[in-house]
Amino acid sequence: MQKTFDKPAVPTEYLLSDEQVVSFIIHGYHLIETDLPAAFHASVCDDIAQLDSNPGDGILDRVPKLYQVYDDPKVRGVLTSLLGADYAMNSHRHCHISPPGFKSQAWHQDGINQRHHQIRTVLAMYYPQDVPVEMGPTVIMPGTHFRNAPTDCMAAYGMLREQVLLTVKAGTVAIVHYDIWHAGTANRTDKSRYMLKFLFSRGSEIASPSWNHDPAAAAQQMSRFTFEKACTCSQSDHYKERALRQEMWNHLIGAPSTN
Amino acid sequence: MALQTELASWLEQARVKQRNGGIVENDLDALAVIVHASAQTVRQRLLYLHAATPSIRSKVIGMALHEPVPGSITDITSVPADWPFDTVHDAILAGWQVVHFPQQRAFFDDREIDILGYEFILQKLETYDAENVR
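Chains as they are written, first to last, in the working numbering: chain S, 6 to 264; chain Z, 5 to 138.
Read the hints as simulated data drawn from the structure, not as lab findings. There may be inaccurate statements among the hints.
Stated by the list, open to error - Keeping only pairs whose Cα atoms sit at most 20 Å apart, straight-line, the calculated DMTMM-like set for lysine to aspartate or glutamate is:
id : chain 1 : residue 1 : chain 2 : residue 2
1  : Z       : K63       : S       : E233
2  : S       : K245      : Z       : E71
3  : S       : K108      : S       : E139
4  : Z       : K63       : S       : E167
5  : S       : K202      : S       : D77
6  : S       : K234      : Z       : E10
7  : S       : K234      : Z       : D90
8  : S       : K70       : S       : E38
9  : S       : K108      : Z       : D113
10 : S       : K202      : S       : D135
11 : S       : K245      : S       : D115
12 : S       : K196      : Z       : D113
13 : Z       : K21       : Z       : E10
Predicted model only: the values in this text are computed from it and were never measured.
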């Protein structure tokens with residue numbers, strides 16, 4: 006069961022630019038600082054702290070003010086840009102609680118790999134409190150959303166040299182490709198860290214770009230698919246990565262598939 | 005076996021000394037050192053290094069160190085500014101021995117990419133005091 010957002014169109018000022026869409030394709034993530042006040046985020050933390058158990062998918066019913074986060078025009082702008090105006094909220098969501106002493110997770114992808122190189126589902130991870138490095142930020146590995154690697158194959162990885170720790174301000178929403186490698190890290194503070202993970206999916210096939218697309222501006226960005234590295238890898242992988250990026254872009258602009 | 009050899013050697017010397025006036029305090033100290041050493045254990049430290057290519061000279065892009073003591077944790081933390089090994093070769097120079105090399109004939113797909121980097125597993129055998137490190 007998915008919730009479709011019957012909202013007026015998001016103002017174009019909140020849509021991504023070609024440069025930002027290309028960055029998302031290459032790196033697999035985009036950070037948003039919502040405009041909700043600090044008191045709102047503090048109240049979300051209070052509501053979660055008062056739960057007697059983790060309600061799993063029921064978190065939205067127990068803390069309904071979370072709707073406001075995903076209705077924030079900045080969040081809607083990014084979701085619209087990447088998934089189209091008729092994107093939908095997935096019925097699965099989870100409140101990840103890292104209590105004091107929480108040890109880091111192993112690297113993983115959620116679910117199983119999608120085996121396509123399109124943007125059909127994203128994770129939207131909302132942090133209602135500041136997350137400094139000692140509080141167990143989510144760690145992601147840029148560029149790994151193109152990798153068809155099952156989670157079991159990641160078990161031996163520890164620190165990855167070009168990993169990105171999401172040390173963020175309260176109110177940040179991280180939009181990441183569903184397949185990106187990620188993990189929760191160790192919480193060395195005396196406070197619990199909360200992260201609300203929601204999934205959003207594309208509602209229909211793409212007819213045209215759903216962001217602030219300007220063909221001339223986009224043309225200036227295309228060389229980034231060839232030359233920009235998301236992370237250090239072998240030359241063979243990088244050559245293949247270039248083609249996969251282009252494939253994802255072609256799908257987003259509604260170009261016919263070449264496969 | 006090493007312990008037996010050391011004890012046999014100590015006994016042989018003690019018998020000689022017995023015939024020439026007997027053992028002294030220093031001989032007992034030497035015996036104590038041998039007994040203490042028997043309580044030590046050799047354990048395997050493991051270092052997983054993921055390199056950009058199968059070459060030991062290529063850039064290391066990931067690492068996980070596993071210490072052979074109960075309760076040891078290999079957490080994902082912030083990357084240290086002084087990343088310890090730029091290449092697998094650097095680790096070898098620091099005394100680590102490679103015990104697993106990546107397969108050169110690994111499955112290759114002309115289109116898709118999968119795992120990140122090539123896995124080398126290295127070890128260091130080190131002596132631990134068994135009484136203090138269980």
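Against the structure, the hints:
| no. | hint | in the structure |
| --- | --- | --- |
| 1 | Z:K63 - S:E233 | holds (18 Å) |
| 2 | S:K245 - Z:E71 | violated (37 Å) |
| 3 | S:K108 - S:E139 | holds (12 Å) |
| 4 | Z:K63 - S:E167 | holds (12 Å) |
| 5 | S:K202 - S:D77 | holds (16 Å) |
| 6 | S:K234 - Z:E10 | violated (59 Å) |
| 7 | S:K234 - Z:D90 | holds (19 Å) |
| 8 | S:K70 - S:E38 | holds (17 Å) |
| 9 | S:K108 - Z:D113 | violated (35 Å) |
| 10 | S:K202 - S:D135 | holds (16 Å) |
| 11 | S:K245 - S:D115 | violated (23 Å) |
| 12 | S:K196 - Z:D113 | violated (46 Å) |
| 13 | Z:K21 - Z:E10 | holds (16 Å) |
Violated hints, listed in ascending order, are 2, 6, 9, 11, 12; each of the other numbered hints is respected by the structure.
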